[in-house]
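Asker: Okay, here's what each chain looks like letter by letter:
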Amino acid sequence: MELRLPGRTSTTGVRRLDTERPGEVIDRSTSVPFTFNGKRFTGHEGDTIASALMGNGIRIVSRSMKYHRPRGYLTGDFWDPNGALQVGDEPNVRSGHRKLTAGMSVSSQNVWPSLDHDVKAANGLVSRFLTAGFYYKTFMKPASLWPYYEKVLATFAPGGTVDLDTPHGEFDKRYAHPDVLIAGGGPAGMAAAIAAADAGASVLLVEQEHQLGGHLRFGSDADRAAAGTLRDEVGRRPGIEVLTDSTVTGRYEDNWCSIVQRSHPTVSERLIKARAKTLVVAPGLIERPYVFAGNDKPGVMTSGAVRRMINLYGVQPGDRAVVFTANADGDAAADDLEAIGVPVHRVDARAGEGIVEATGPASGLTGVVLTDGTTVDADLLVTAIGWTAPTSLLNMAGDRPVYDANAARFFGSVQIDNVLTTGGIAGDGTVEELIQHGEATGRLAAARAASIAHALRSATVWATETTTDAPAFPADDRTALERHAHPELYRASTHGIVDYSEDVGSKDLVAAAKEGYDSIELLKRYTTATMGPAQGKLETVNTAAVLAEARGETIADVGTTVWRPPFVPITLGALGGRIFEPTRVSSIQPWHEARGATPILAGQWIRPEHYGDPAAEVRNTRTNVGIIDVTPLGKLDLRGPDVPALLEQMYTNKWRKLPVGGVRYGLMCAEDGVVLDDGVTGRLADDHYLMTTTSSGAGTIWEWAEMWLQTEHPEWQVHVTPVTTGYTSINVAGPRSRELVARLCDDVDLSNEAFGYMQVRRGTIAGVPDCIMWRIGFTGELSFELHVPSGHGLHVWERLMADGADLGIQPFGLEAQRIMRLEKGHFIVGQDTDGLSKAPTTGLENLIKLDKPDFAGKPELAWALEPEQAQILPRIVAIQPDDPTIVPEEACQILAGETNEILGRITSSRMSPTLGRSICLGQVVPSLALPGTKITILLVDGRRVAGTVQEHHAHYDPEGERARV
Amino acid sequence: MAGSPTALIRKTKAKLGGGPPRYSAAGLVRRGLSGDPWPRVWRDVDLKSSYDVVIIGGGVHGLATAYYLATNHGITNVAVLDKAYLGSGGSGRNTAIVRSNYLTPEGVAFYDRSLSLYNTMSTDLNLNVMFSERGHMTLAHTDGALRTMNWRAEVNKLQGINSSVITPAEVKKLAPSLDVGTDSRYPILGALYHPPGGTIRHDAVVWGYARGADHRGVEMHQKTEVLDILCEGGEGPDGKGAGGRVTGVRTSRGDISAPIVVNCTAGWASLISDMAGVKLPIHTRPLQAAVTEPVKVFLPTVVVSGSLHVYVSQTDRGELVFGASVDPFNNYNVGGSLEFTEELAGHVLELMPGISKMRLLRQWAGLCDMTPDYSPVMGTTPVDGFYVDVGWGTYGFKAGPVSGEAMAEAIATRQTPKIIAPFGLSRFASGALVGEKGAAAVGH
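Top line first, the protein sequences correspond to chains A and B. Here the first sequence is numbered in numbering that gives the first Met the number 0, starting from 0 and rising by one per residue. Here the second sequence is numbered in numbering that gives the first Met the number 0, starting from 0 and rising by one per residue.
These aren't lab readings, by the way, just hints derived from the structure by calculation. Using N, Cα and C, we set each Cβ at its ideal position, and we do this for glycine too. No false leads were slipped in.
A few chain A residues that don't get close to chain B, going by computed Cβ distances all over 12 Å:
| hint | residue |
| --- | --- |
| 1 | Ser28 |
| 2 | Asp416 |
| 3 | Asn417 |
| 4 | Pro470 |
| 5 | Gly639 |
| 6 | Leu683 |
| 7 | Trp715 |
| 8 | Asp748 |
| 9 | Pro788 |
| 10 | Arg798 |
| 11 | Ala804 |
| 12 | Pro883 |
Distance condition first, Cα-Cα at most 30 Å in a straight line; then the derived DSS-like pairs of lysine-lysine:
| hint | chain 1 | residue 1 | chain 2 | residue 2 |
| --- | --- | --- | --- | --- |
| 13 | B | Lys82 | B | Lys278 |
| 14 | B | Lys47 | A | Lys513 |
| 15 | A | Lys150 | B | Lys171 |
| 16 | A | Lys136 | B | Lys295 |
| 17 | A | Lys857 | A | Lys656 |
| 18 | B | Lys222 | A | Lys513 |
| 19 | A | Lys513 | A | Lys136 |
| 20 | B | Lys295 | A | Lys172 |
| 21 | A | Lys851 | B | Lys278 |
| 22 | A | Lys848 | A | Lys656 |
| 23 | A | Lys857 | B | Lys278 |
| 24 | B | Lys417 | B | Lys156 |
| 25 | A | Lys136 | B | Lys82 |
Listed next, the stretches of chain A that the computed footprint assigns to chain B, with coverage defined by at least 3 CB atoms under 8 Å from CB atoms of chain B:
| hint | stretch |
| --- | --- |
| 26 | 138-150 |
| 27 | 857-871 |
With the hints as constraints, model all of the structure from the sequences given.
Answerer: Take a look at the structure:
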């Protein structure tokens with residue numbers, strides 16, 4: 000069925016005024032074309048999308064989420080729950096706030112098939128059955144149909160549409176370190192900025208609107224004059240940086256604040272991260288909608304919305320108005336309407352008058368029923384019934400706002416040294432009084448910032464200014480703003496919408512509370528009230544009020560939900576910023592690419608997997624000589640007298656007796672005894688060492704070393720410098736490697752007697768001085784690992800290739816190295832071990848030295864070495880499938896015979912070019928770890944094949960003779 | 000010991016017929032027409048001074064334990080205490096993902112039972128928990144990650160779990176918004192795909208169990224904080240600790256005596272256990288989460304990337320729900336950090352470059368009690384009558400139903416059910432850990 004709605008998008012009462020308003024911000028000489036739902040319109044420069052639409056006579060801009068009721072602008076600003084529109088490929092644009100630009104393609108979101116004719120409006124006819132949370136009570140049977148129900152429900156998801164081809168776009172981030180950060184550029188915020196700057200503080204003043212001034216912008220001539228003066232004063236002070244169309248979105252630990260800047264000239268949104276010494280919260284107040292029957296009909300607006308439309312944008316919001324007012328702002332809205340010739344019927348709450356409901360079709364109200372029983376014809380109903388204090392930033396700073404029934408709103412209750420409030424969130428007053436309070440707040444914020452800054456400087460260990468007297472931390476001597484009495488007006492005698500974006504009414508809330516969802520958090524979760532895009536800024540206090548009424552309690556008893564960051568939504572693009580994730584390559588990478596090497600991603604690194612035939616690379620390395628680029632190997636330069644102490648702490652084995660020129664292998668375990676990393680460290684000089692880590696562990700181990708040095712043993716004198724990319728690392732491996740290296744190095748005696756296995760030397764290679772070379776390697780062959788200052792890496796590599804041509808030199812890649820290490824039975828941390836592999840699992844018990852006074856993981860490893868643990872901890876073993884042609888996939892499970900009981904798994908598996916058969920490493924339960932044990936391997940294709948546990952981890956050259964020649 | 004706690008428990012027949020009205024479409028229509036309100040989802044009753052069983056923690060675990068005590072074992076003189084409101088802890092803060100493709104046979108068997116209970120929960124509890132069996136993908140961006148996926152798939156296959164490693168093309172087909180191109184910084188090399196995994200409305204699970212338990216006589220007491228656990232005969236001060244027995248709890252609303260006290264808390268599990276003199280090997284760390292503004296549904300499955308520390312699903316309301324890995328240090332702060340949102344957004348955009356204009360709406364954190372082997376601690380303790388169902392790390396919500404079922408059985412029968420036997424506290428003394436940490440990284 001289709002519901003045709005009378006009136007539709009155009010209503011005569013809404014139009015652009017012919018005459019200019021004195022404070023309007025539009026430039027009537029301009030014409031800005033845009034489309035709305037495919038139709039062409041024009042607006043003016045300075046318009047928001049909302050004012051442009053209303054200026055074109057459009058009153059209905061969207062439909063509600065659940066009942067698809069027509070909706071018009073309610074608050075006409077950033078928070079407008081009905082104003083979320085699709086603009087081009089951008090969903091959920093706040094049309095009450097977003098400036099109109101030429102060519103914008105604007106469309107309504109929750110409409111199907113169109114704004115004018117919406118089939119889903121049929122839901123409204125059955126709304127009495129669709130109370131909040133109705134879906135919890137139905138669609139349960141038959142269970143098989145639920146997936147279909149779910150798909151239908153999902154079509155009611157509110158919001159716009161994401162174009163998945165949207166380019167990432169330009170985003171940016173900035174760091175700021177203001178003395179005083181001010182959230183809100185109304186009169187109090189501006190006054191605070193001026194006073195703080197005059198006291199010598201650097202100030203960052205952030206205003207959500209497009210212009211400083213707050214509510215004064217759409218106020219009286221005197222208001223606008225006051226705003227202008229303050230703006231000029233702000234502009235005159237170089238110590239104040241102003242960000243408009245920007246919002247302080249979060250306050251985290253130690254006044255770490257996030258700001259989203261939407262007004263940046265080149266990026267669509269910028270995230271600013273500010274470490275503010277003091278934060279002044281001055282966001283003003285958010286006008287609260289009133290709950291009554293028909294309160295979501297187009298034509299119902301808050302007083303602030305009406306005043307903005309008239310005074311800033313020259314838009315007449317209706318022809319005949321009822322203004323329900325409880326305060327001066329409502330009175331001013333009525334005055335403004337009368338000033339543009341709209342007849343107004345005033346209903347004064349302070350005089351005991353009230354409204355009951357808005358009548359008329361869904362497309363817009365035509366009348367208002369008053370509490371005296373009369374009905375007044377109107378196409379515009381303005382409410383001014385009070386405010387919500389946006390206390391989010393205070394909440395994030397640890398405050399728990401408390402309700403004040405006399406003032407009918409919440410106020411902060413906790414004194415926080417570095418967070419101050421001013422303006423409407425702090426109290427009421429004349430413009431003069433607000434400015435005075437702002438000035439006092441600015442002075443206090445600046446003084447506190449100076450004191451905090453001094454404390455921060457003095458806290459740093461190298462501070463030299465500690466003799467300066469610390470400025471006293473100033474007490475709060477401000478004269479507090481008064482809290483004016485305001486009637487408590489939340490709901491009329493009728494029920495209406497509470498959460499516009501979620502289509503949740505007061506009736507829903509009452510029903511849910513009666514069902515037992517009667518705490519504010521449960522009520523929110525059950526009904527979804529306050530969970531929409533405004534995150535409760537308009538709805539929370541009304542929700543609390545309805546709940547309090549249902550429970551017979553006060554709003555103070557009920558409290559509010561916890562306001563969570565961010566204060567306004569931030570695009571993922573702005574949060575993510577530019578992607579700075581580095582891609583790391585060695586200085587030899589261009590050569591690899593030129594040779595057609597197949598790249599492999601290894602953490603942040605891109606390196607050659609192979610140069611075409613890894614098996615051939617293995618054979619050549621085992622018979623002639625091969626070179627591999629091992630630059631990603633983590634390298635830490637360690638200097639200082641306490642390096643041995645650090646090594647003893649980080650490794651499980653002993654280091655104090657390592658002589659200069661010696662290299663030792665070590666295992667690192669975490670506190671739980673689980674293998675964390677492994678590698679070799681060499682002693683280059685008395686108090687100079689080079690540590691290597693696994694490629695993937697380089698960052699972790701560096702941080703870990705710093706953790707030991709900075710937090711556990713600050714008395715140790717050790718400098719750690721990561722030099723992973725400072726050196727290009729080349730392993731020269733194979734029986735002819737000595738011959739090759741000798742051709743390029745004449746200042747080191749390379750003979751086995753002078754430079755034996757597991758030793759380190761420094762020398763000149765291919766004319767490059769200060770190279771480090773050590774005799775180690777993962778391949779098991781005679782090897783020289785060369786660490787060459789990075790700028791010369793490619794040069795040395797090319798010389799090796801050239802000078803080794805007659806020796807049969809070939810480069811080899813990661814895959815050949817993995818095969819050779821597997822032939823040698825060397826495990827890889829994180830592949831052959833896992834998150835639970837304690838050191839004994841590796842079979843390297845002899846490297847765990849419990850007689851050391853301390854090392855990371857010692858207590859756990861002492862336990863792990865007790866005899867009964869040998870019955871529990873799995874073991875890494877070498878395995879050979881009995882059929883040498885079968886190469887089990889890595890991750891294949893090892894089972895107990897024909898059962899499905901898992902006894903282990905294959906962790907590494909390759910065809911060995913050297914042995915001509917398949918070889919594996921695996922983890923097995925201790926009972927299978929004895930050499931010669933027959934095991935059953937379940938292949939991925941389901942076959943079960945036999946294998947045998949080997950005596951040594953090394954399938955090839957178990958005695959390690961080839962490396963020692 | 001004379002008079003085992005269970006002997007003190009009165010078993011009553013579960014009240015089935017004549018209970019409160021059932022939820023149904025017909026009921027909605029009837030009450031919509033008549034305007035009659037639905038009865039309270041659980042009663043509001045006075046706190047008594049003694050119960051047969053006191054359960055600390057009104058989340059999924061505590062409520063499920065109470066529900067199954069009542070339904071499966073006829074034990075109904077039970078109070079569930081929560082210091083805030085039901086579901087205010089991890090149950091309401093998780094990202095509502097369920098799956099059973101774990102790494103160890105013990106884990107797989109356990110979570111598979113949980114998943115099957117979730118599957119029939121809407122009808123069992125007569126409350127639609129909106130289980131969405133949308134499939135669960137764990138992406139691999141490195142060959143190492145792919146190896147772990149293969150490992151999990153092999154273990155899962157042996158346990159009869161629908162779980163397999165799929166190619167990037169298949170990934171793209173299941174979730175077209177993902178960038179499976181090879182020129183992305185961390186290209187997607189494959190994924191572990193688990194069709195039975197999905198999402199569920201987590202709050203509804205809490206309410207469903209609470210309502211079901213309430214119908215059978217269990218009492219729910221919110222805003223009732225446990226300040227101490229009362230013990231006698233133990234080796235520690237005040238009769239606490241090994242060798243003793245529990246006699247009740249001291250709450251913010253007075254003392255309650257009970258022969259059996261069950262610790263079903265998360266975030267505070269070690270502190271609560273400490274009140275009985277029982278030390279737990281637990282580190283408490285926040286896990287941060289966030290949602291975006293809603294947009295029309297475009298992501299049909301749950302997507303997890305361990306390498307990028309992110310998991311994401313889209314609710315039927317259109318919001319993307321994000322979670323990360325646990326913070327790297329111990330902390331009780333549930334406020335959420337800015338850095339988390341930045342890293343999260345960066346990583347999500349690597350996976351789905353097209354959503355840079357979506358906006359993050361709200362962030363929060365939940366507390367995760369991490370154990371050394373990333374498996375829970377369940378069952379008896381050295382204090383007689385004091386049970387624990389804790390150490391749930393990042394996987395507690397998934398395990399709620401089976402945990403409640405097994406804990407109820409353990410309490411009612413004084414026998415540890417086989418399905419939770421591997422998760423006993425004593426394993427940290429024997430060394431027989433359950434290696435879910437093997438696949439570490441993001442557990443979701």
